[in-house]
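Given next are the chains, with one letter for each unit.
Protein chains: 6
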Amino acid sequence: MRVFDSNWMQIAAYLQHDDRVVLPVGSTEQHGYLSLGTDALLAERVSVEAAEPLGVPVLPVLPFGMAPYFTEYPGSMSLRISTYIEVMRDLLDCLASQGFRRIAVVNGHGGNAPVAGLIREWINRPREHRVQVVFHSWYNAPKTAEAAARFDEDQYHGSWLENFAWTRVAGAEIPTGSAPVLPRSVANNATAQEMRALSPDGSLGGAYQRSDEDMQIVWDAGVAEVRELLEKGWLDQ
Amino acid sequence: MRVFDSNWMQIAAYLQHDDRVVLPVGSTEQHGYLSLGTDALLAERVSVEAAEPLGVPVLPVLPFGMAPYFTEYPGSMSLRISTYIEVMRDLLDCLASQGFRRIAVVNGHGGNAPVAGLIREWINRPREHRVQVVFHSWYNAPKTAEAAARFDEDQYHGSWLENFAWTRVAGAEIPTGSAPVLPRSVANNATAQEMRALSPDGSLGGAYQRSDEDMQIVWDAGVAEVRELLEKGWLDQ
Amino acid sequence: MRVFDSNWMQIAAYLQHDDRVVLPVGSTEQHGYLSLGTDALLAERVSVEAAEPLGVPVLPVLPFGMAPYFTEYPGSMSLRISTYIEVMRDLLDCLASQGFRRIAVVNGHGGNAPVAGLIREWINRPREHRVQVVFHSWYNAPKTAEAAARFDEDQYHGSWLENFAWTRVAGAEIPTGSAPVLPRSVANNATAQEMRALSPDGSLGGAYQRSDEDMQIVWDAGVAEVRELLEKGWLDQ
Amino acid sequence: MRVFDSNWMQIAAYLQHDDRVVLPVGSTEQHGYLSLGTDALLAERVSVEAAEPLGVPVLPVLPFGMAPYFTEYPGSMSLRISTYIEVMRDLLDCLASQGFRRIAVVNGHGGNAPVAGLIREWINRPREHRVQVVFHSWYNAPKTAEAAARFDEDQYHGSWLENFAWTRVAGAEIPTGSAPVLPRSVANNATAQEMRALSPDGSLGGAYQRSDEDMQIVWDAGVAEVRELLEKGWLDQ
Amino acid sequence: MRVFDSNWMQIAAYLQHDDRVVLPVGSTEQHGYLSLGTDALLAERVSVEAAEPLGVPVLPVLPFGMAPYFTEYPGSMSLRISTYIEVMRDLLDCLASQGFRRIAVVNGHGGNAPVAGLIREWINRPREHRVQVVFHSWYNAPKTAEAAARFDEDQYHGSWLENFAWTRVAGAEIPTGSAPVLPRSVANNATAQEMRALSPDGSLGGAYQRSDEDMQIVWDAGVAEVRELLEKGWLDQ
Amino acid sequence: MRVFDSNWMQIAAYLQHDDRVVLPVGSTEQHGYLSLGTDALLAERVSVEAAEPLGVPVLPVLPFGMAPYFTEYPGSMSLRISTYIEVMRDLLDCLASQGFRRIAVVNGHGGNAPVAGLIREWINRPREHRVQVVFHSWYNAPKTAEAAARFDEDQYHGSWLENFAWTRVAGAEIPTGSAPVLPRSVANNATAQEMRALSPDGSLGGAYQRSDEDMQIVWDAGVAEVRELLEKGWLDQ
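Residue numbers (the working numbering), protein chains in the order written: chain A, 1 to 237; chain B, 1 to 237; chain C, 1 to 237; chain D, 1 to 237; chain E, 1 to 237; chain F, 1 to 237.
Errors might be hidden in some of the hints.
Said to hold, decoys possible - Straight line, CA to CA, 20 Å or less: simulated SDA-like cross-link-like pairs of lysine to any residue:
id	chain 1	residue 1	chain 2	residue 2
1	C	K232	B	S211
2	A	K232	E	R184
3	E	K143	A	N188
4	E	K232	A	G55
5	A	K232	A	M9
Worth flagging that the hints you see were computed from the coordinates, not collected in a lab.
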């Protein structure tokens, strides 16, 4: 249930019998030949598909994240960490004030991981009710990562692992081969300018594509793992 | 051209011959019987339709805005003003660093208006290139407001003026009559709790709906006015 | 009753029987041939005259506001919006903690308008008592604006509408004609440097002066409208 | 030369031949039987009198300072330190951008002293021109303090030392005796609630008044010392 | 070379021929029977031993980190993430301004990991010189983790892996058995109050101690890995 | 009792019968020929020696303070005031939440004095229990300053007064004469670049050294005065 496909009365009715909600967070940043919205599109879609049979509402994806190392590729946006943690704080505060007690932040972008620090701080602020917040990076959660690794261990930014029918864009022909793998020690420490020089097309390594059948297997694993989180990923209370 | 329907190379190519971009900003908040995403959906859609024939890229809508007076209606989100201005600053900084020189912030929510103060400050920060930023609240820009007023002067939050085929939600029957008009002096000064008591269904007044033909006339005016802004709304330099 | 003409015991005595207070906010910025303090002087004076017969205390004017577009004219000061909202928050917090429950922020400067966003947020923060805060830009409130418009529709920054005996300065001869009108679409989007080039003397348009009789009529309307606000501008509770 | 008695052209003309300016900072807080504006009124007045023969412009006093320990006395305002340093930063930035190179912050309130830390930081930020900023608490500068000590060593908050013709308020009869002296170790560590209990009338100790002749001697010392600062208080460059 | 065992002239001399520096960061937080300073002591010590033969200076450890989940155990301190990132920014800025170009942040506490987000942002801020900053959590770097895993896979907070001669405290007898292992999904999502209830002695699981011989092997691996980082962990330029 | 020589259970046991704690704060900054850690080392050491017989716990020193005027001397660190006050706020909040009710901040660096403003604000924030916080700059507290003045009135930064066996560093020969005294009016207003030019070795004036016997007398006075503070420096409640 997308929040944008609901009115407030429907959300109010839902809160009479459940207290879970999903906040997908993504990024607007270069993904090589793929959509600049890849991380946002996938985080929202995996959330919606996972939550649908459970009837759990899914907020619109926060489309902007932290990607300071990609800002030399036009169209890439990046929030400062000081900004991002305040956005997250505000959204969590709103949800908590309305009666949501189990919040799943489904993340589609590695650079957003530090916000987990804010979440750990947030759950410890004094408030009337205990509110659980789990931070779940869907694309490298254990079962999804395992499903992908069975196909190919090389699955870096902009590679086949992000290449779904719904992240491709019109007018872009995707190469058939592989991009050279940029070592993580380099990728983690490069500036935006260095990154653009190191990766002329924005792909950090690995094959550019796989068959739709393979991709569906990975996707199904991702959806299933988010759904399992929504069903069983909470502390007993 | 939605940025999410593009990859970075396409944006880079665009920047070779143009320097305009649209950033739609909305809100996730109660709109009576209509979608909680009304302000976001309309801001993004009016931007995309206006920009399409011009080839100007449109960023994904920032779906969260400032609506502290609606947070008692479940599903409504609100960023603090201190947060919101930093989000805007970061996005403008990214765009400026990539060569965009004329940025249209197309706004769909009245509560976001104070960010215009940040924009006036931002354009005055020292930077290498002059970057123009116009803040345009599409729904009450002169020509759009005039088109709407010809039908009905009463057009408050949640009323017919926001009731488009693309802001209605499944499972919600919209009343045929009118909601009593909440005086602006009350609406502007009420707290979230008072607001919910004053407006049990969230509509602040006026008829709930008009014919699709009428709505199309208003919509066309809105699209045309945003397009005119993109074409002629810039200072000569 | 100016707070600066009172000691704390007198304010404490007042709070035994009333809970209203006025906080005037202005700006220190160029006003063409007129005083750099025009907006501050007028906001404080209109507040004091309006409040006097009611016995409502008036704080000293906050003399610095948001005017980033005027900082190229020496003597103009500007606070960042991030600073200004914290100043306002602190002052409101102090007043609320002391028992004031109806606070009128009487504003004399257009650039300060975004602080209304903070006020709407502030009244929604949880606190023990409901505190009302109205934001009133005295110079363009309906009745005052109407009184002025009857004389002349052109009444821009630095024009006759701000030219009172108490905003003129020694040693400055004021022209008798009119300044060319700078279109709002230009004034709203110009940088400080552009503004100074566009308006060599700082007046944004219209006649430089009118007779003292005319000015008194406008002034009386402003005082009356602030007084009416203090008497009737509050929500019933 | 008060900035509020000038227009921008006069300040621009001044900057052709001088680069000094005075920013008085005060506080709005209880001073026993005296005006709630005592610290602000004195800081501004001592600045104006000192600067007058030199032709140095004096900004309007910043009327709000840091006085968290007095907020239980109605009418007392207090900015948080995080707010206050940003206000100071903004004002200094504006002055520096306009060509002022020697800025005297003339302070009338002990609680504002921590802003000196911001000033030391500010002068070290990289900028094109060296800008000097001196922070001068006029009331306890060496010569003024010595002039006062010759009369009476006990000169605490709200006592005779702040009792000038221009800090008394109508309707308040000032006692003739002395208030008991609150030890500094207590005054410095008391909360606002404790402070109000410890000092029922707000005076922290010493005689309530002295003759106008004595007061004039102290005042003259204060004015002379600020003037000396404006003339000789700068580093050679 | 500890910075605290040096004067500034010695650091200045060092900068004539090298540009590396180590900033150890730790935490003051409960470690079961072990010192509240465990993470800080180890981060500083491993840095000093690793840097010693290279002559690279080591700053004093930042003893306070982010540990909101442990604050119910007395003596545990926690900085908010918004604070911590500003501390890191300031320290990096100082180092960069003095000519350090390769900065190793050697971290001893898992909760500090989000600061890596600030570091990625910081290296992308415009500055005159490229400054590399590597963030290295010494205790779970690949080779150190492998050395530890050879002994025992269970090595949670407060267990044998942190139990060195230099983290034990006088007067505390350490149990010989094992603490029950708290699942990571629980530990990552528990509040401070829940954490204290879940782990009565503060150990999150595994054996409390191993022989000094075993510990030395782990320690040597940690020192060697930090030294390798200082020698080879930089991007070529 | 150093907190780093304790585990949390020992601190918990202490809190059963006492509620005092010491937080030493220092600086990492040039001290001429002496250790860059002089202010931190002395603040921590004087705290530990003073607290030892009382059994009061002493936190690890906060080694970084505010010293923007020394950053041109390599190895000197400086936090911005906006950062420093948040660090202090966080530490005080943690201590208060754990039951500490009397906190002594023992300061070793003049530039940190503005944090006293935060402390006065902090004690006035609403909280369940009254928490006292005293800010004590040990090196210029009355009795210690008097002990030092008996030897020599000239005792500026980097001079004999900071030259203890435990602040000297290996490999640095300390001159036998005196450094010229930099006037306070200069030292307080110089930028970091000017400071380095004015004081080539970093000493701001006075003899470089005195006998260990003399130094012990000063030291003993400092320890005694901190101990007296811990014993008697609190308001009765």
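Hint check:
no.	hint	in the structure
1	C:K232 x B:S211	violated (40 Å)
2	A:K232 x E:R184	holds (15 Å)
3	E:K143 x A:N188	holds (19 Å)
4	E:K232 x A:G55	violated (52 Å)
5	A:K232 x A:M9	violated (27 Å)
When each numbered hint is compared with the structure, violations occur for hints 1, 4, 5.
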